[in-house]
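Could you build the full structure based on these sequences and the hints that come with them?
Just so you know, the sequences run in chain order A and B. Residues 1 to 510 in the numbering used here are what the first sequence lists, from first letter to last. Residues 511 to 875 in the numbering used here are what the second sequence lists, from first letter to last.
Do not rely on the hints blindly, as some may be mistaken.
[Said to hold, decoys possible] With a cut-off of at most 25 angstroms between alpha-carbon atoms, the simulated BS3-like pairs for lysine-lysine come out as follows:
no., chain 1, residue 1, chain 2, residue 2
1, B, Lys822, A, Lys146
2, B, Lys784, A, Lys146
3, A, Lys432, A, Lys92
4, A, Lys223, A, Lys307
5, A, Lys152, B, Lys568
6, A, Lys92, A, Lys51
7, A, Lys455, A, Lys465
8, B, Lys784, A, Lys154
9, A, Lys154, B, Lys737
10, B, Lys784, A, Lys152
11, B, Lys641, B, Lys568
12, B, Lys758, A, Lys154
13, B, Lys737, A, Lys498
14, A, Lys146, B, Lys858
These are calculated hints, taken from the structure and not from any lab test.
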Amino acid sequence: MFDFTEVNPMAINFLYPNYEVERNYDRCISCRACERQCANEVHEYLPDQNKMVCDDSKCVNCQRCVSICPTRALKIVKTNNTYKENANWTGKAINEVYRQAGSGGVLLSSMGNPENYPVYFDKILLNASQVTNPSIDPLREPMETKVFLGAKPKAIERDARGRIVNNLPPHLSLSMPVMFSAMSFGSISYNAHESLARAAEELGIMYNTGEGGLHEDFYRYGKNTIVQVASGRFGVHPDYLNSGAAIEIKMGQGAKPGIGGHLPGAKIIGDVSRTRMIPEGTDAISPAPHHDIYSIEDLRQLVYSLKEATEYKKPVIVKIAAVHNVSAIASGIARSGADIIAIDGFRGGTGAAPTRIRDHVGIPIELALASVDRRLREEGIRDNVSLVVGGSIRSSADIVKAVALGADCVYIATSALLALGCHLCGSCHTGKCNWGIATQNPELVKRLNPNLGYKRLVNLLTAWKHEIKEMMGGMGINSIESLKGNRLMLRGVGLNEKELEILGIKYAGE
Amino acid sequence: MREGQVRIPAGCAISGLIDRTGKRMSGEAIIRSIAVMRDRSNGLGGGFAAYGIYPEYKDYFALHVFYDGMAAKKECEEFLESHFDIINLSKIPTRKVKSITDEPLIWRYFVTPLPTKLADSQLDEREFVAKCVFRVNTYINGAYIFSSGKNMGVFKAVGFPEDVAAFYKLDEYAGYCFTAHGRYPTNTPGWWGGAHPFALLDYSVVHNGEISSYDANRRAIEMYGYKCTLMTDTEVITYIIDYLHRKKGLTLEEISLVIAAPFWQTIQGMPQEKRELCEYLRIAYEAQLITGPFSILVGFEGGLMALNDRLKLRSMVAGEKGDMVYIASEEAAIRAIEPELDRVWYPKGGEPVIVRLYGGQSDGN
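What follows is the structure, given as C-alpha cells:
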C-alpha cells in the first residue's frame, strides 16, 4: 500500500485545472482535428480504443478546438471543483500561492487587467436630441469623422497679398478617431502585422510598429505607420524613422507601468532577429526607463533628436501609462515639443507582464483622460498637443465617450486582436498562440490568413464608424470635432460626487 | 435658479436691418419687424442691439449694466472708477410697461480706460475693456455688464420684444443698424441677463437655434480667458467671434469658414487656393466649429453679418431695397416694414451675408 505520510508536498502541484474540456462522445467522430490544432497538446488519440482523450491541465481555454470541431463535440467549461469557500481566500488567490510556492518565480500574465475594478465607460450615458434641436440622419446628411492629430498653429500668418500662410505643424490625418496601438513584430506574428498594416491603409488610419522595428516588407505601408522608439531602441535607424507617418516614443505602457519588456530569445529568430537588429536567440530586454531619459528635460532632447532626424516633417507622439500624477506628467510633455500624447490606461493589453504589475498598477483611462484634458486646458496648453487614449476601448460607444471626455482619438489593440481571432485566453507569453497571432511558430502563424484578417479589421472599424455616426447624429452633431470635449453630452450613473468631479460630468437627471 | 447655473434651450425669432449709407433711422422699424414674429417667442426674453446711437460719445465705451441692488452698484462703480475715466453716467431711461416686471437697476456709463491703468496692463484698449467686463460679470455678485461697445448699445429684458422696446423707449434712439430678438426658452429664466442680444465690445449676437457643439465650444473658448457665465449658445458664439476676429485677426468671411465650415466633401471639390484655406481653417480652429441649428446676426461697428449653420436647420431670409438690407427669420418680418423689395434671397447654410457701410469702416481686418 502507498504510504501517504511519505508524499513530499513538493511533488504535487495542488492545482486542479480551472477549465475542463467537455467532449460529447455521441458527436465526436475522432477526426483528430483538435489534436492537430492544439499547440498545448491537450488532446490525444487512443488508436486501440479509437477514442479522443484530453489533459485539462494543459488547456488555456483559447477555444481553438471548440471553434474548429466539425461536429461541435467540444466545449470548455469552468470546473466545478472548488476549495472550501472563502470570500477572502478565493480559489485564484490560493492557486497563485501554490504556483509560486512551487516555482519560486514571478507570476506572468498576458493581455489586459481582468480584475473587477470599475469600468467608468459603463457608468457614463450619452445624450440625444429631442424637440429643441433636431437629430441628424447620417444616411441623409454628411456626418464627418475625420480627425487631425498634432499641435495647432500659434498665430495666423499672412503673405504680402494677405493670404493665410499654411503654418500648421506636422500632423496625422485619419478617417476616423481610431488607430491600432503598438504591438511589436515579435510579440505578434508577421501575418498579424500584415493584417493590421493593410487594414490601416484601407481604412485611412494608422497602425503602430511597437518596439520591434519595421519588417522590410511593410515599408510600403509607411504613410499608415507609426514607428515606435522604446527603451530598447530595437530596430531604430534613420530609414525606419523616416518611413512612418509619425514617431512614437514609448515611455510607458498601461499593462505594466514602470517596468520594461522582455522578448525571450526563443522568439528572436529569422526575420524577428533581423528586424530588431539583434542576434538570433538573444533575449530582447527593454529596460524599465530609457537610460537617456531620467527626467522631462531629457525627454525634450529625445523629441528634438527625432525631429532633427526627420527634418521636422513628422509629428512626435509620447506614450505614457496612466499613473497617479498623469496630468502633471502630461502637462510637462505638452511643453516638451511633443505633438501628440498617448495615454494608456491600466486595462491595456500586453504580450507578457508580471501579473501583480498588470493587476495592481496604474489608473483607469477614463479618469486619466478627464483629468489630463482638464489640466491642459487650465494651463492653456491643450492646443499644443492632441490626446490619444487606449486601454481599454471595447466598442464604438467607448470611443464616443472618450472623445466627449476630451480625447482626439483612441488606440485599440485588444479589440483588433479579437477581430483576428484572439479569444483572450491571456497566454501570449507562452508563444503557443493557436490563432497564429502571438507566436513565431511558422505552423501556427500560417493559421492567420492576412487576406481574411485584414478584412475582418476593416469590417470591425467600418461597423464602428457607422455606429459612431449614428450616435453623433442622435446628438445633433455632424462633425467629430464638435463632440470633442463636449462633456455636456455625458451623464453619470452609479458614480459618487468625486468621480463626477474628476470626470467633469453631471449625474443623470441633472 | 438663475441662468448660468442651469442651461436653458430656446427657440427664437431674429431680425436685423442696416442702412449702408450710414444714415440713422429710429428704432421704430425694427420694432414693427420683430413684432410680426410674435408666435416665435413666448414673452420670456426680448432685446435689441442698436449701432450709431451715441454719436456724441462715439469715442467712449458705453457700458450698460444690470444691478440686483445698491450694494452691487456701489461695488461695481468703485471698480469702474479705479479703472476708467467715467465721462457720463445715468440711469437708462425707461417707461413703465405692464408686462415688464421685476426690473433690475439699469445704468449706463460712458467710459475710457485710465491711461495709467491701461499702460500698466500692457493691453490694448479693447482687451483692457473686455477683461474688465469679465471681471465684473464673474466676480461682482449682482452686477452684470451687458453692453460694452462704442457708439452702440444693447437693450434687453424678460418680455415680448415689442414690450421690451417700449420699456427702453427704443423708438427714441436713432441708429444705422439694428438687430432684434424674440426668445422662446423652454424653461423660465427669471433673469434679464439671459435675453439676447449678447454682446462684448462692439460685437453683438442674436441667435435662433440650439447648438449641439456647445460644451466643446465653451471649454475651448474658456481656455483663452473667456468666462461663460450664462451657459447660453449666444454667449459662446459671441466670444468665438470676438476671439477669431479681434484676437486672431480673421476676416468675417474666414470666420464663417470656421464656425460654419464647409463639409470635407465640399472642400475636396474646391479650387486649390480655396481648398487649402478651408482645410487650414478647419484644422487650426476645429474647436470653434459650431454644429447644430443656428441662424445668427452679428452686429459690429460698421456692419452686419448673417450666418446659418451648414445644414441650414433654421430659417433665415434676406432682402434688399436700395441702400437698405434686411435679414430675418421670416420673410413676413421684412415685408412688414418694406413690402416692395428689390431682391429677396435665402442664404444657403454656411454662406455668410456680410453687409458693410459704403466706404465706411471696415471690419478691422
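Q: Compare the distance between the alpha carbons of Lys154 (chain A) and Lys737 (chain B) with 25 angstroms, and conclude whether the hinted pair is satisfied.
A: Holds, at roughly 21 angstroms.
Q) When you check the alpha-carbon spacing of Lys641 (chain B) and Lys568 (chain B), does it fall within 25 angstroms? A) Holds - the C-alpha atoms of Lys568 (chain B) and Lys641 (chain B) are around 21 angstroms apart, at most 25 angstroms.
**Q.** Given hint Lys51 (chain A) paired with Lys92 (chain A) - CA-CA distance at most 25 angstroms
**A.** 33 angstroms, violated
Q.
Check the hint pairing Lys223 (chain A) with Lys307 (chain A) against an upper bound of 25 angstroms on the C-alpha distance.
A. 17 angstroms, holds
Q) Between Lys737 (chain B) and Lys498 (chain A), does the CA-CA distance stay at or below 25 angstroms? A) 24 angstroms, holds
Q.
Please verify whether Lys758 (chain B) and Lys154 (chain A) have alpha carbons no more than 25 angstroms apart.
A. 10 angstroms, holds
Q. Holds or violated: are the alpha carbons of Lys455 (chain A) and Lys465 (chain A) at most 25 angstroms from each other?
A. 15 angstroms, holds
Q | Holds or violated: Lys784 (chain B) to Lys152 (chain A), with C-alpha atoms at most 25 angstroms apart | A | Holds. Lys784 (chain B) to Lys152 (chain A) sits at ~20 angstroms (cutoff 25 angstroms).
Q | Pair hint Lys784 (chain B) and Lys146 (chain A), alpha-carbon separation not exceeding 25 angstroms | A | Holds. Lys784 (chain B) to Lys146 (chain A) sits at ~19 angstroms (cutoff 25 angstroms).
(Q) Check whether the Cα positions of Lys822 (chain B) and Lys146 (chain A) lie no farther apart than 25 angstroms. (A) 22 angstroms, holds
Q.
Run the distance test for Lys146 (chain A) versus Lys858 (chain B): straight-line Cα separation, threshold 25 angstroms.
A. 24 angstroms, holds
Q.
For Lys152 (chain A) and Lys568 (chain B), compute the direct alpha-carbon distance and say whether it is at most 25 angstroms.
A. Answer violated: Lys152 (chain A) to Lys568 (chain B) is near 38 angstroms, above 25 angstroms.
The structure shown violates the earlier hints numbered 5 and 6.
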